[in-house]
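Peer 1: Sequence:
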Amino acid sequence: MDFDFSQLRPGPWYPSIMFDETRAMQLVNMYLRLIYEQFPVVSIDEETEDNGNLAQIYRRSWSGRFRPRDHTVSINASKFHSMVESQGRGIRFRSYLFLFANYLVHEIGGHLFITFMNNGNHDPRAQTPPHIASELPGFSSFHRGESGQRLECLLFGGILEADREINRDDGEIWVPYIIKREDYGENIGFRVLQRAIDDTINYSEHLMACPQNKIALNSIM
Numbered sequence: 005m006d007f008d009f010s011q012l013r014p015g016p017w018y019p020s021i022m023f024d025e026t027r028a029m030q031l032v033n034m035y036l037r038l039i040y041e042q043f044p045v046v047s048i049d050e051e052t053e054d055n056g057n058l059a060q061i062y063r064r065s066w067s068g069r070f071r072p073r074d075h076t077v078s079i080n081a082s083k084f085h086s087m088v089e090s091q092g093r094g095i096r097f098r099s100y101l102f103l104f105a106n107y108l109v110h111e112i113g114g115h116l117f118i119t120f121m122n123n124g125n126h127d128p129r130a131q132t133p134p135h136i137a138s139e140l141p142g143f144s145s146f147h148r149g150e151s152g153q154r155l156e157c158l159l160f161g162g163i164l165e166a167d168r169e170i171n172r173d174d175g176e177i178w179v180p181y182i183i184k185r186e187d188y189g190e191n192i193g194f195r196v197l198q199r200a201i202d203d204t205i206n207y208s209e210h211l212m213a214c215p216q217n218k219i220a221l222n223s224i225m
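Each residue of the sequence shown is one higher than the one before, starting from 5 at the first, in the numbering used here.
Derived from the structure by calculation, the hints contain no laboratory data. It cannot be assumed that every hint is accurate.
[Said to hold, decoys possible] Only pairs whose alpha carbons sit at most 20 Å apart, straight line, appear in this in silico EDC-like list of lysine to aspartate or glutamate: (1) Lys184 - Glu139; (2) Lys184 - Glu165; (3) Lys184 - Asp167.
Remember, predicted model here, so these are calculated numbers, not experimental data.
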């Protein structure tokens, strides 16, 4: 279903919902309904040179009607093929599924939602408000926020990252971990629990990380 926004208030919708929870929920539910009905295009990018970037989204300006399928999530082909090759290998395959699922949430739940909220602004990338940003210093600029990382902070209590273990080739699965604000700058992260990975894939509630899973980041990068 297409929604015609041309008769609504022009310009970004952020000011109109800052103190209106009901209006905010209406827009969130409207966006989710659009995503459910018309998921963005997902492509496998064979030309990416950044092997550390699992996914990114290419957003377009829009006017009158917001169509998620006009926007494309690009998946790192090297990591995608590694995931396919790991099928049937238990933890490694499930870890790939977990990472790709959460990167889709980052791109679609964070960045594309901001494009929707910009209400057809001509520049879909430049208008992320500075206050919609990571809670960690150094991950957002003063002039522009980072909506994907802000969403991760709300969901996980920190930023979700992944790096491969030392002494493994780049085809091995990276270790997913969370960097919390209180540990930023200490070279410490919290390794995501295997139970959390399994429960995510099984659509179950879970604890993402716990103090017992604190790790030194230089042990995995």
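Peer 1: Against each hint, give a clear statement of whether it holds in the structure.
Peer 2: Do the hints match the structure? See the list:
no.	hint	in the structure
1	Lys184 - Glu139	8 Å, holds
2	Lys184 - Glu165	11 Å, holds
3	Lys184 - Asp167	16 Å, holds
Every hint from the earlier list agrees with this structure, and none is contradicted.
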